[in-house]
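Residue numbers (the numbering used here), protein chains in the order written: chain A, 1 to 300; chain B, 1001 to 1259; chain C, 2001 to 2437.
Honestly, the hints are just simulated from the structure, not real lab data.
Incorrect hints may have been included.
[Stated by the list, open to error] Footprint (simulated), chain C over chain A, 3 or more residues, beta carbon under 8 Å:
1) 88-94
2) 140-153
[To be verified] The list that follows gives simulated cross-link-like pairs (lysine-lysine, DSBU-like), each with its CA atoms no further than 30 Å apart:
3) C/2280 / A/82
4) C/2239 / B/1035
5) B/1036 / C/2394
6) B/1036 / C/2422
7) B/1036 / C/2281
8) B/1035 / C/2155
9) C/2281 / B/1035
10) C/2239 / C/2422
11) C/2400 / C/2422
12) C/2228 / B/1035
13) C/2239 / A/82
14) B/1036 / C/2155
15) C/2100 / C/2155
16) C/2228 / C/2281
17) C/2422 / C/2280
Quick reminder that beta carbons are idealized off the backbone N, C-alpha and C, glycines included.
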Amino acid sequence: MTTLNSVKRDAPLARPAPHKMSWVWLGVTPFFLFAFIFLLYPSSTIAIRSFQNTTTHVFTFDNFVHLLQNPNLVNAYWISIKISLITSLGGGIFGFLLAYSAIRGGLPPFMRTSLMTFCGVASNFAGIPLAFAFIALLSPSGVLTGWLRSVGYNPYFHGFQLYTFWGLSMVYMYFQFPLMVLVISPAIDGLRREWLEAAENLGASSFQYWRYVAFPILLPSILGTMILLFGNSFGAFATAQALTGGSINLVTIMIGAQLRGDVLGDAGLGYALALGMVLVMAVAITGYTLLQRKSERWLR
Amino acid sequence: MKNGGKVWSWFWMILGIVYFFLPLVATFIFSLRAKKGVLSFLAYQQLFNDSGFIKGFSYSILWGVLTIIVGILIFVPTAYWVRLRAPQFRTAVEFITLLPFVIPAIVFVFGLVRTFSHPPFLIVDSPVLLIAGYTVLSMPYMYRSIDTGLRSIDVRTLTEAAQSLGAGWATILFQIILPNIRVAILSGAFLSFAIVMGEYILAQYLAKPAFAPFLAYLIQEKAYEPAAATIISFALTWACMGIINLFGRGQQTQIAGGH
Amino acid sequence: MQTKKFAFHLIALFVTVGMVLSACGTAATPAPVPTSVPPTMAPSTAVVLPTTVSATAAPATAAPVAAPTIAYTFDGTGVAQGYKGTVVSSVPADLVTACKAEGMLTIIATPPNWANYGEIFADFEATTGVQLNSLDPNAGSADELAAIEANKGNKGPQAPDIVDVGYAYGAQGVTAGDYQPYVGTYASRLPATTLGIPTADPNGLWSIGYYGIMVLETNTAVVQNPPKNWADLLKPEYKGQVALAGDPQSSNQAIMAVYAAALANGGSLDNAQPGLDFFKKVNDAGNFVPVIAKVGTIAQGATPIEMAWNYNALGDQQSLAGNPPIEIDYPSPSIGGAYVQAISAYAPHPNCAKVWMEIIHSDPGQIAWIIGGASVVSQADMQTRNVIPADVLKMLPDPKVLASAVAPTVAQLTAAKALITKGWLTTVGVPIPTPKP
Chain A
1 MTTLNSVKRD
11 APLARPAPHK
21 MSWVWLGVTP
31 FFLFAFIFLL
41 YPSSTIAIRS
51 FQNTTTHVFT
61 FDNFVHLLQN
71 PNLVNAYWIS
81 IKISLITSLG
91 GGIFGFLLAY
101 SAIRGGLPPF
111 MRTSLMTFCG
121 VASNFAGIPL
131 AFAFIALLSP
141 SGVLTGWLRS
151 VGYNPYFHGF
161 QLYTFWGLSM
171 VYMYFQFPLM
181 VLVISPAIDG
191 LRREWLEAAE
201 NLGASSFQYW
211 RYVAFPILLP
221 SILGTMILLF
231 GNSFGAFATA
241 QALTGGSINL
251 VTIMIGAQLR
261 GDVLGDAGLG
271 YALALGMVLV
281 MAVAITGYTL
291 LQRKSERWLR
Chain B
1001 MKNGGKVWSW
1011 FWMILGIVYF
1021 FLPLVATFIF
1031 SLRAKKGVLS
1041 FLAYQQLFND
1051 SGFIKGFSYS
1061 ILWGVLTIIV
1071 GILIFVPTAY
1081 WVRLRAPQFR
1091 TAVEFITLLP
1101 FVIPAIVFVF
1111 GLVRTFSHPP
1121 FLIVDSPVLL
1131 IAGYTVLSMP
1141 YMYRSIDTGL
1151 RSIDVRTLTE
1161 AAQSLGAGWA
1171 TILFQIILPN
1181 IRVAILSGAF
1191 LSFAIVMGEY
1201 ILAQYLAKPA
1211 FAPFLAYLIQ
1221 EKAYEPAAAT
1231 IISFALTWAC
1241 MGIINLFGRG
1251 QQTQIAGGH
Chain C
2001 MQTKKFAFHL
2011 IALFVTVGMV
2021 LSACGTAATP
2031 APVPTSVPPT
2041 MAPSTAVVLP
2051 TTVSATAAPA
2061 TAAPVAAPTI
2071 AYTFDGTGVA
2081 QGYKGTVVSS
2091 VPADLVTACK
2101 AEGMLTIIAT
2111 PPNWANYGEI
2121 FADFEATTGV
2131 QLNSLDPNAG
2141 SADELAAIEA
2151 NKGNKGPQAP
2161 DIVDVGYAYG
2171 AQGVTAGDYQ
2181 PYVGTYASRL
2191 PATTLGIPTA
2201 DPNGLWSIGY
2211 YGIMVLETNT
2221 AVVQNPPKNW
2231 ADLLKPEYKG
2241 QVALAGDPQS
2251 SNQAIMAVYA
2261 AALANGGSLD
2271 NAQPGLDFFK
2281 KVNDAGNFVP
2291 VIAKVGTIAQ
2301 GATPIEMAWN
2311 YNALGDQQSL
2321 AGNPPIEIDY
2331 PSPSIGGAYV
2341 QAISAYAPHP
2351 NCAKVWMEII
2361 HSDPGQIAWI
2371 IGGASVVSQA
2381 DMQTRNVIPA
2391 DVLKMLPDPK
2401 VLASAVAPTV
2411 AQLTAAKALI
2421 TKGWLTTVGV
2431 PIPTPKP
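Build out the structure end to end from the sequences listed, making use of the hints.
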């Protein structure tokens, strides 16, 4: 039909004929309407109200000023960033080593498929069930604690605490490293065997291969995925809430407390907090997208 | 690869396996400890006799299915239309479907509750907001699955053939396109289902009796039942992922939110 | 290999389906009454009754089951399953009729396993057939008064009808005008004083229902050597194990724990500051964990040592049924604390609230509290009339123990409460978040 063919020949962003435009536009209306009402409008509410005074609705930067002046809240950002950095680095490195071992490490092929399956499940197994799984593992009545105590070593006497920053980091790693494995695998696949053989033919040592061939190729992927991990950890809420009951100072916990109506009496601060989070995430996702594009060069 | 490298591969692999399985094994053992001194399934029995568990579980299943249906109804026509007739909207649509990645779930729920708990939009108690919230949270995965599915079939030819035989748009969508992307839709559906079953934030702050808030309550009030519920939750996730793998046949498994 | 993967996933699927099917199979519970679900509903919880309850006291729970303890669940939306609730005949019939017309009772900050309140919930629903709406079970006394004040014009399910607050909050509520007076049929039977303080407000704005003593509750599976007294809490072996049962800025139970600590550390009923200093020392020693202790967290070992009312500790002990074992130690000196119940001045359902007040002061209601481990105001009166079953009498705490508990006057309580709520963050500096469910 002529209508279809003419659209096919036009460049994707070319201006279509006006009468076609209105008809075509109707088809995507439900989606845009849905997205506007339930996603864009609430999000823009946050953005706008964070710049407004709660009672008078006058535009002001006061909310952000108050946020930066509140040591508790600034601390919350710092702790959130800290835990995200640590788990993205730790999860990233561990995940990369795991993925590389499974794909190029000379292990039997079924280990790779098993690893992908497990990682798919593990990266979804987050939130409250995960928090409790670690409580069952390492709380003072936990199974592992019991085993260790029966061989004479009580981790709690050596300063171990589950419901703290480091305990939470350990729990976060559980869904971070599988995510790394899943996302970095295509990149490792793209590391062609011919390059390794060529390097060996030229007399390169293992270290030189990694330093001059493999890492430069993989680095954008690795960094990009680590940034994705960073965003993943920064936005986590249910896991932290279930494990610590809200006693660790994270930005997500602060926003959750705002929703409950306690901690901060000032609604404007809550909006400012939320917008701050979105900004951090936006920077993270942008970084990831840019690095992902850069790494795609090598995957072709 | 040199043999030394192989040792390291096994080392990392075993470490990964241990890290993955240890919490699950511990939770399972913990769940068997309900009766003092004996390993038994008492915790599971008590859990299944708990009306709150039945209610929470069935509530989440129901709303998971509804979310999938709503998702299909909104996203399949949209993806189809964008691919076929409105490629100029593709960037905008993809940007919107990726927004839930940028906006963490807690911020999104914060916005939803704050926006819709004041007149004139006082719908915070209605099920519409719950479904809409779940649909948005599962949107990236649902839409991407459907889009991938559409990419693998020749939409244009199918449409042209159907239209030349006199089919209307509804027939084309639901009798021709939908069956052909069945696999992709199922993959997205199970992912959405897993998300809804594990979703805590939206259900909690809209005060709905879903499974995850019930699990949070169990952790505070009971000793061993939360372990049983955790194992069930994990088994369910595994089943969903397994079914996705079964249908996906190697498509890259995607990661869900709600944590 | 495809087949193996297929089989593996199939097995996983069957396991799940099997579990789900068995869930549907074993669930013999009826569906809850399908009325509109109020926003902050407390999900089901199990309250465990002791196995030897006399038939006259609670007929429905007479038969012990094969399981270690008798348990019933109350899910807040309908009649309790397992325990059908007794109809309380002493409630005036006209009140019951008026309550039925109102259709709902909203209470707040009352978990079913607090002094066996779950049984009273069931009794209320059996007596009136009216739905009980339980808001925010984890809230503290301060939150209850805040909820009354925040919902002044609200006639919906978010506005509480009845509050159950610490004694000091009774006086605070009177000053703030939060209560409406009700002099029930039981008023003449109330003793003039309980624990040395007036049992009821002279204008009928509140009255004491039950009281208890602050104790140390320990999970002995985690802590082999439980602390016996306040000073023990500073020992290095209890690192990261000591918790409060609430937030001292709003929870009466937590405030009284700090107050009791003051008595043991050089303070007095007039000076609660040493209590704050003591907790600062506990925190500095690394022994304090800023998580609210609940029966689940105690059992899992997150908060193995807590300071709670004796009835709450008894309730935890019963519900865990020895797995893990809970030890209750009575520190000396300790503080006695009473809770008062009052009807909100802005209650949307005042008649149901009055029925509630009648029920909690009736014989079945008071006996329910005794089963829950609390001491009740009408105890002497009931003993004279010989209506307390022997098994239940056995559960009362040793009168000697209660005698050693010191009870502050209203003025002392008010001053201590002000000092502790304001001073917690400045002296001890550890915020304790309240969990939402």
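Status of each hint after checking the structure:
For a cut-off of 8 Å, the count of residues in the stretch 88-94 of chain A with a CB near a CB of chain C stands at 0, and the three-residue condition is violated. Requiring three or more residues with a Cβ within less than 8 Å of a Cβ of chain C, the coverage given for the stretch 140-153 of chain A holds, as 4 such residues are present. Annotation: proposed proximity of residue 2280 of chain C to residue 82 of chain A holds, straight-line Cα distance about 28 Å (limit 30 Å). For the hint linking residue 2239 of chain C to residue 1035 of chain B, the alpha-carbon distance of about 28 Å falls within 30 Å, and the restraint holds.
Our distance criterion of 30 Å between C-alpha atoms is met by residue 1036 of chain B and residue 2394 of chain C, whose separation comes to about 26 Å. Using a Cα cut-off of 30 Å, the hinted pair residue 1036 of chain B and residue 2422 of chain C is violated, with the two alpha carbons roughly 43 Å apart. This hinted pair does not check out: residue 1036 of chain B and residue 2281 of chain C have alpha carbons roughly 36 Å apart, beyond 30 Å. Restraint check for residue 1035 of chain B and residue 2155 of chain C: not satisfied, since their Cα atoms lie roughly 46 Å apart, outside the 30 Å limit.
Of the supplied pair hints, the one linking residue 2281 of chain C and residue 1035 of chain B is violated, its CA atoms being roughly 38 Å apart against a limit of 30 Å. Between residue 2239 of chain C and residue 2422 of chain C the CA atoms are separated by roughly 26 Å; this keeps the pair inside 30 Å, and the hint holds. For a cut-off of 30 Å, the pair hint linking residue 2400 of chain C to residue 2422 of chain C is broken: about 34 Å separates their Cα positions. Simply put, residue 2228 of chain C and residue 1035 of chain B have alpha-carbon atoms about 28 Å apart, close enough for the 30 Å limit, and the pair holds.
Straight-line distance between C-alpha atoms of residue 2239 of chain C and residue 82 of chain A comes to about 25 Å, which keeps the hinted pair within the 30 Å bound. With a C-alpha separation of about 48 Å, the suggested pair residue 1036 of chain B and residue 2155 of chain C falls outside the 30 Å cut-off, and the hint is violated. The hinted pair formed by residue 2100 of chain C and residue 2155 of chain C meets the criterion: a straight-line CA distance of about 16 Å does not exceed 30 Å. As the CA atoms of residue 2228 of chain C and residue 2281 of chain C are separated by approximately 18 Å, the hinted pair is consistent with the 30 Å bound.
Simply put, residue 2422 of chain C and residue 2280 of chain C have alpha-carbon atoms about 14 Å apart, close enough for the 30 Å limit, and the pair holds.
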